[in-house]
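Participant: Protein chains in written order, with full-length UniProt numbering: chain V, 1 to 342; chain C, 1 to 342.
The set of hints was computed from the structure by calculation and includes no laboratory data. All C-beta atoms, glycine included, are put in the ideal place defined by N, C-alpha and C. No false leads were mixed into what you were given.
Label-pair restraints from in silico Cβ distances:
id : chain 1 : residue 1 : chain 2 : residue 2 : range
1  : V       : Glu80     : C       : Arg85     : 55 to 65 angstroms
2  : C       : Asp130    : V       : Ser279    : 56 to 66 angstroms
3  : V       : Lys324    : C       : Arg191    : 23 to 33 angstroms
4  : V       : Arg83     : C       : Glu76     : 54 to 64 angstroms
5  : V       : Glu181    : C       : Glu76     : 20 to 30 angstroms
6  : C       : Glu76     : V       : Gly40     : 34 to 44 angstroms
7  : C       : Lys205    : V       : Ser185    : 39 to 49 angstroms
8  : C       : Arg341    : V       : Gly186    : 38 to 48 angstroms
9  : V       : Ser269    : C       : Pro81     : 49 to 59 angstroms
10 : V       : Glu80     : C       : Lys205    : 23 to 33 angstroms
11 : V       : Pro60     : C       : Glu176    : 48 to 58 angstroms
12 : C       : Asp226    : V       : Glu80     : 44 to 54 angstroms
Protein chains: 2
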Amino acid sequence: MRNYLAIDAGGTSTRAVFLTGSGQCLGYGVSGGGNPVSRGFDDAMEALLQASSGALGGTPQPFSSVTIGMAGASLELATEPFRERFAGLGLSGNVVIESDLLATFYSGTCQDNGYALIAGTGAVAARISDSRLAAVADGTGWLLGDSGAGFWLGREVLRAVAAALDGRGKPTALLEPVLAELGISGGTQERTNGRIRAQQQLIAKIYALAPIELSRFAPMVFDAGDDAVARDITDRAAAALAGTLTAVLDGAVDGPLVFGGSVLTRGGSVAGAVVSRLSGTIQQGTRQQGASRQEGAQNLVVPILVADGMAGAAVLALKRAGVKVDEAVFERISASLAALRA
Amino acid sequence: MRNYLAIDAGGTSTRAVFLTGSGQCLGYGVSGGGNPVSRGFDDAMEALLQASSGALGGTPQPFSSVTIGMAGASLELATEPFRERFAGLGLSGNVVIESDLLATFYSGTCQDNGYALIAGTGAVAARISDSRLAAVADGTGWLLGDSGAGFWLGREVLRAVAAALDGRGKPTALLEPVLAELGISGGTQERTNGRIRAQQQLIAKIYALAPIELSRFAPMVFDAGDDAVARDITDRAAAALAGTLTAVLDGAVDGPLVFGGSVLTRGGSVAGAVVSRLSGTIQQGTRQQGASRQEGAQNLVVPILVADGMAGAAVLALKRAGVKVDEAVFERISASLAALRA
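Work the whole structure out from these sequences, hints included.
Facilitator: See the structure below:
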């Protein structure tokens, strides 16, 4: 029986699993960021090999393919340079790069039709049809979109604080944690050259950061308690994410809804708010065969939350090799992977 | 009688004027970006000297001070390095750096109390009291604020186009000019890996730009005709700018309202929309002495539009030297400067 290597390569961390054709995960490894578009080929390759070596138990072993789940632009990379490096670990066949959207989707289900919504640093939704990406919405990055995700939330938190300081915006409970995080003390009333001093310091501190680092202020919006400004931000985030998912809905495609990314899986209320905004759309837009609308809508609007795309990369490794991944195989992958991670 | 040198140093262009104590402008010069914070000291200094030399007619002549209008952070620069370099052109006294907000304000009036709102690439408002900045709002830069100004508008235009392409947003007349500007043709329906092809190209083109370059898409919002998406963007811009100005209003301070920056002076409807949003606030918040509210509001809500801070830097040069700048002197500065520029 053949064995397979599956990798979930993220921007900041990478996971790999070595598994059999029956879905039994034999080994698991982790490493740093493995995306060649954001990290550069050599650094990313090193991370991929390190996680893979961990999954193989440190010893080359024969496996017939490598399946790597990666973000968008990586799908167009030539795979030959990857194949050469994996040959040293025991690869006999090909390297296949799959979308991280598919890897996330298949971490929650073995069905070949459905929907995925991811809100981590960025936000993206996909309709999956016949195990391929049929439609993708957003995922357009921090300047053009990614509306409602981590960078967007962090930026909105900071904009709200900047506006509260000079009176453009309402007072907010977000002010104190942001100033504390940045080491800014006092000066929220005093002005120099007309400018509130704490705001001047905020400007100096924030523009010393790389823009993408603004996402680190996102979690504060979930810890702000009963604050109207924070609630407005999370409401707008949920509306944006619901809109992104709605853009890929198709009445002809039915199936599970998988949620990934920390804003949805750890963000508390956002996942629920997205679902409640969707209910009407989904009742009208999908699940019209057989089951009553009400039942169908109830099925679809209970999202499956997944932590990453590791199980899905393993599912894809088997599916693309022609192995039928039924519920039993899917459960075997999930359970044996969970055991290795524990 | 003493002469003075006044400079309006912007991020992309610099203007200088050589004038008498009676406000007669004798010479005018221009050069590139003269802000030491954004350009670096040496490049900025070169631009300042080049514009100054132009104003002096290419020959050193005695003048008793240099007054430079510059954006925010420059106010804290040490002036000694400037003084040494200007000595070679004929400076006998000091270099004084003034806020570009004051320079803009005094380009429209010689009164020492009032308000300025600037919306160019960034957006900032100030209350001027006794010829000093009493309160400043926004001007917090492209990540933290500058709401309603050029970068903000350009980014909103691009986000609207990205959203229209994948169905998150409404169709918009902004789509065609943005794709044409970026050289993207076709592919607004076809998908690759689920992604609309034109959107994939949009992503590639936009992230190859420096973020601040997004401001070049701002003017498209004013050329979109009767487009609901464009109108929503300009409505939100006007609301944000009105909010920024409202944050510095003080019932105790009365005086002229000066508008600067291309979004207000060349943006067509935005200045009017800001004013109409302000009317209620101003009637309630200011002008309560003597004149009826209605008359007061009408005076205040007719903004004075100015192209830059050149005349204001000249006004400041005289004021800071103890020269009384009355209406006659102000008119002399304005008229003689206009003649030199013609």
